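Colleague: So you can see what is in the structure, the chains are spelled out below.
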Amino acid sequence: MRKCSLDSMNLVFAEIAKAASLYLPVDGKDGKTAYTKWEDGLTWSNSLNTVRGPKDFFFPQTENLVEFKTSGKNIEIIDTRSASEDFVVFGVRACDVKSFDVLDRVFLKEPTDSYYASRREHGIIIAAACTKPTETCFCQTFGIDAAAPAGDISIWKTETEVFWQSNTEKGAALLTKLDALTEECSTEAVDAQKEKIAATMKKLPLANLNTDAFGAGKTKEYFDAPEWKELSESCLGCGTCTFVCPTCQCYDIKDFNTGKGVIRFRCWDSCMYSDFTKMSAGQPRLTQTERFRQRFMHKLVYFPENNDGMFSCVGCGRCLAKCPISMNIVKVMKTIGGKENA
Amino acid sequence: MQVKEYKPLIVAFCCNWCSYAGADLAGNNRLSYPADVKIIRVPCSCRVNPMFVLRAFQRGADGVILCGCHPGDCHYTSGNYYTRRRMALLFSMLDYLGIEKERTRVEWVSAAEGAKFAATMNDFAEKVAALGENKRLEDLRCKR
Amino acid sequence: MQKITRDQLIEKAASLLANGTVSCVLGWQKGEFDYDITPAVFDTEDELKANFVWNDFCGANFSKYLVSKTKKCEGKILVFLKACDTYSFNQLLTEHRFDREKVYAVGIPCEGMADIAKVKAIAGDGISSIDCSGEKMAVTTIYEDAPVMIDAKDVLAERCVNCKSKKHVAYDELMGEDGDVIDSARFDEVAKIEAMTPDERFAFWQNELSRCIRCNACRDICPACTCEKCVFDNPNSSVENKSPANSFEEKMFHIIRAFHVAGRCTDCGECSRVCPQHIPLHLLNRKFIKDIDSFYGDYQAGAEVGSRAPLVNYTTDDLEPGEVFERGDN
Numbered sequence: 031m032r033k034c035s036l037d038s039m040n041l042v043f044a045e046i047a048k049a050a051s052l053y054l055p056v057d058g059k060d061g062k063t064a065y066t067k068w069e070d071g072l073t074w075s076n077s078l079n080t081v082r083g084p085k086d087f088f089f090p091q092t093e094n095l096v097e098f099k100t101s102g103k104n105i106e107i108i109d110t111r112s113a114s115e116d117f118v119v120f121g122v123r124a125c126d127v128k129s130f131d132v133l134d135r136v137f138l139k140e141p142t143d144s145y146y147a148s149r150r151e152h153g154i155i156i157a158a159a160c161t162k163p164t165e166t167c168f169c170q171t172f173g174i175d176a177a178a179p180a181g182d183i184s185i186w187k188t189e190t191e192v193f194w195q196s197n198t199e200k201g202a203a204l205l206t207k208l209d210a211l212t213e214e215c216s217t218e219a220v221d222a223q224k225e226k227i228a229a230t231m232k233k234l235p236l237a238n239l240n241t242d243a244f245g246a247g248k249t250k251e252y253f254d255a256p257e258w259k260e261l262s263e264s265c266l267g268c269g270t271c272t273f274v275c276p277t278c279q280c281y282d283i284k285d286f287n288t289g290k291g292v293i294r295f296r297c298w299d300s301c302m303y304s305d306f307t308k309m310s311a312g313q314p315r316l317t318q319t320e321r322f323r324q325r326f327m328h329k330l331v332y333f334p335e336n337n338d339g340m341f342s343c344v345g346c347g348r349c350l351a352k353c354p355i356s357m358n359i360v361k362v363m364k365t366i367g368g369k370e371n372a
Numbered sequence: 009m010q011v012k013e014y015k016p017l018i019v020a021f022c023c024n025w026c027s028y029a030g031a032d033l034a035g036n037n038r039l040s041y042p043a044d045v046k047i048i049r050v051p052c053s054c055r056v057n058p059m060f061v062l063r064a065f066q067r068g069a070d071g072v073i074l075c076g077c078h079p080g081d082c083h084y085t086s087g088n089y090y091t092r093r094r095m096a097l098l099f100s101m102l103d104y105l106g107i108e109k110e111r112t113r114v115e116w117v118s119a120a121e122g123a124k125f126a127a128t129m130n131d132f133a134e135k136v137a138a139l140g141e142n143k144r145l146e147d148l149r150c151k152r
Numbered sequence: 024m025q026k027i028t029r030d031q032l033i034e035k036a037a038s039l040l041a042n043g044t045v046s047c048v049l050g051w052q053k054g055e056f057d058y059d060i061t062p063a064v065f066d067t068e069d070e071l072k073a074n075f076v077w078n079d080f081c082g083a084n085f086s087k088y089l090v091s092k093t094k095k096c097e098g099k100i101l102v103f104l105k106a107c108d109t110y111s112f113n114q115l116l117t118e119h120r121f122d123r124e125k126v127y128a129v130g131i132p133c134e135g136m137a138d139i140a141k142v143k144a145i146a147g148d149g150i151s152s153i154d155c156s157g158e159k160m161a162v163t164t165i166y167e168d169a170p171v172m173i174d175a176k177d178v179l180a181e182r183c184v185n186c187k188s189k190k191h192v193a194y195d196e197l198m199g200e201d202g203d204v205i206d207s208a209r210f211d212e213v214a215k216i217e218a219m220t221p222d223e224r225f226a227f228w229q230n231e232l233s234r235c236i237r238c239n240a241c242r243d244i245c246p247a248c249t250c251e252k253c254v255f256d257n258p259n260s261s262v263e264n265k266s267p268a269n270s271f272e273e274k275m276f277h278i279i280r281a282f283h284v285a286g287r288c289t290d291c292g293e294c295s296r297v298c299p300q301h302i303p304l305h306l307l308n309r310k311f312i313k314d315i316d317s318f319y320g321d322y323q324a325g326a327e328v329g330s331r332a333p334l335v336n337y338t339t340d341d342l343e344p345g346e347v348f349e350r351g352d353n
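Residue numbers (our numbering), protein chains in the order written: chain S, 31 to 372; chain G, 9 to 152; chain D, 24 to 353.
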């Protein structure tokens, strides 16, 4: 384990940014935190998490896939990808780090999504332990340890120092570059912090939420539950929950006529939308209740069914904070799964 | 190498009954106005949805002008009165978003005003040319 | 602290349920925490007693829900309306979006609603409870033993700081006293932007709108946006797009969204409340309201049922679009 002083972080950022683009959570003028490309003078936000998840770095909201140009009877197909460059995402929380595992399951499974895979290869994740989780946090429900985030490098921040530990080869290589700015140290301070975080996690209002009632094989039990109707009663059908979610990975592929050719692009889609997976026969889920059920069944039942029991929710709490009508996965888990599981 | 002279692309929405006939008259009278003014004929100036104006900019227009019958002379009695309110609000909003106000205009041109049509287009094209390319409401995908 | 209490509202609702005036109640349902409140339909007094809440976080405007709920609910539906909600209520009636006969509207006084983001800015993260029943709001967090006492005035939502009216313009019954229309400073922020140079305005909006994730929450919550099929959801409209591909589409969506409700927007502020990216969308709507007021005379959407909205109206001597810019120096 290595450490550096908090005051020297600007030098550390400068060092990292020499070799690769560096993105870190920065407080905006409106007080909201967003991943921002580092440049001299930007400081690392103290806030717990960013409004949007870090999935944009690997799976951007819109992305051009290919371009078609016609001349006479010929169609020219142009790969619009620019060569991927190395980049570093700094300060990712444990929940968001876990979200990459969920996305990997989808995009790296055969047939591999080469757009996503290339970004994963070029990205280095520096994960930060949570010192101050908030009431909407429930990552422990999904077995995530906020005090020991995965990622290529894990860091812990104390009042005056930042502790570094590499977890992968990529991470070790980057950490070696920072040798001049960091020094070898014992793990005492980090161990103490881990304990403190563990104690805090127990105090969270959602600390006892568990997934016992969910997982593979529960489809028949919950699919026709009468509670879905009541839960979805006031759902607006907007896409906020899906777009702030770090694990939602549905997308649509569309063509844009530029007047000079056609750009085929993909963009995030939301199962809450009325035209989601619309086919010639129409949208298979006709009512908002069915769409609402789809989202939560996918996260809590279908995804674990197909992915060795892994849930596609990481408990980051963004949807709890952002839903316009405050309907969210926690309320669904408590209602559908029964109060005794909450 | 010769530098290509910049000429603004202008979209003119002309109402079928007055302004389109006005443009015709300008042609018949051999009055010249820039060839880069592309006329789109609409049944009435109030057919023009604010989205049309924005999409014209998206597709590469540097200026958008609406021409209709003089207020009171609308073929459909009151269409241009609605246009007037809509465009007043839309243009004010575009200005509020920092988009150059000289890029949009509404002008009333009757079927007898061929000369006014040509003069209006010349003047508008000149003002837009002075602003240069539309950068603030552009869609880069359409520019490649 | 609200002047009217939860118990008074439950009592009112229960008596109207009991005497058969209404068959269900549209109200605020308690959430996981003390601030995440969901609109819900209650059928019985027991349900009300268990889950109904009324506190400083009941900001949701119910008017739009009446469009769907009046079609589903048999018999009359009871709805509690704050003064600002009554404007949306009238506007929807003007547009014949629901059947007035199926609604029993109870006007309730409102002292302004709190913005949880402002509460958190003062009290910090990890809120375990918020007690709004006292003079001051008591916010307890898992990190501090003693609650943080907050003056409700310091955490008012933007739309409540600039509250335009405490007067209820529609109701069947009013609880408490009615207030007055307020001469608020709601256009000050718009005037500030107007006073910027075009370059500054462009930079300001480019920055704000670049955060848009096109979740459509602003549209879906808007009581004026009640089209069965939005133009932006129609694949045949050629403007349909699920996410903002570039800055043009961000601008197009927000200009058109605001334009489609121009003259009908009551300035209820729901769009800005729900925006996950905190884009000040009300500043677009208010620009239209301010312009309408100054171009065509003062007009408040929803102030009365049946009034003709400015964009479906005209006078023969209206201002010319070119003259817009000659007014003032902007």
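Please note: incorrect hints may appear among the correct ones.
[Stated by the list, open to error] One side only, chain G facing chain D, incomplete, derived with CB under 7 Å:
hint : residue
1    : K15
2    : S40
3    : R49
4    : V50
5    : T85
6    : Y89
7    : A96
8    : F99
9    : L105
10   : R144
Read the hints as simulated data drawn from the structure, not as lab findings.
Computed from a predicted structure; not experimentally measured.
Think of the CB as a built atom: it goes at the ideal place given N, C-alpha and C, for glycine as much as any other residue.
Colleague: Hint by hint, note whether the structure agrees.
Modeller: The hints, checked one at a time:
1. K15: Since chain D brings no Cβ nearer than about 22 Å to G/K15, farther than 7 Å, the hint is violated.
2. S40: violated, 24 Å
3. R49: Since the shortest Cβ distance to chain D is 19 Å, the answer is violated.
4. V50: violated, 16 Å
5. T85: violated, 11 Å
6. Y89: holds, 4 Å
7. A96: holds, 4 Å
8. F99: Nearest chain D Cβ about 5 Å off; hint holds.
9. L105: Holds - the Cβ of G/L105 comes within 7 Å of chain D, reaching about 5 Å at its closest.
10. R144: Where the cut-off is 7 Å and the nearest Cβ of chain D is about 6 Å from G/R144, the hint holds.
When each numbered hint is compared with the structure, violations occur for hints 1, 2, 3, 4 and 5.
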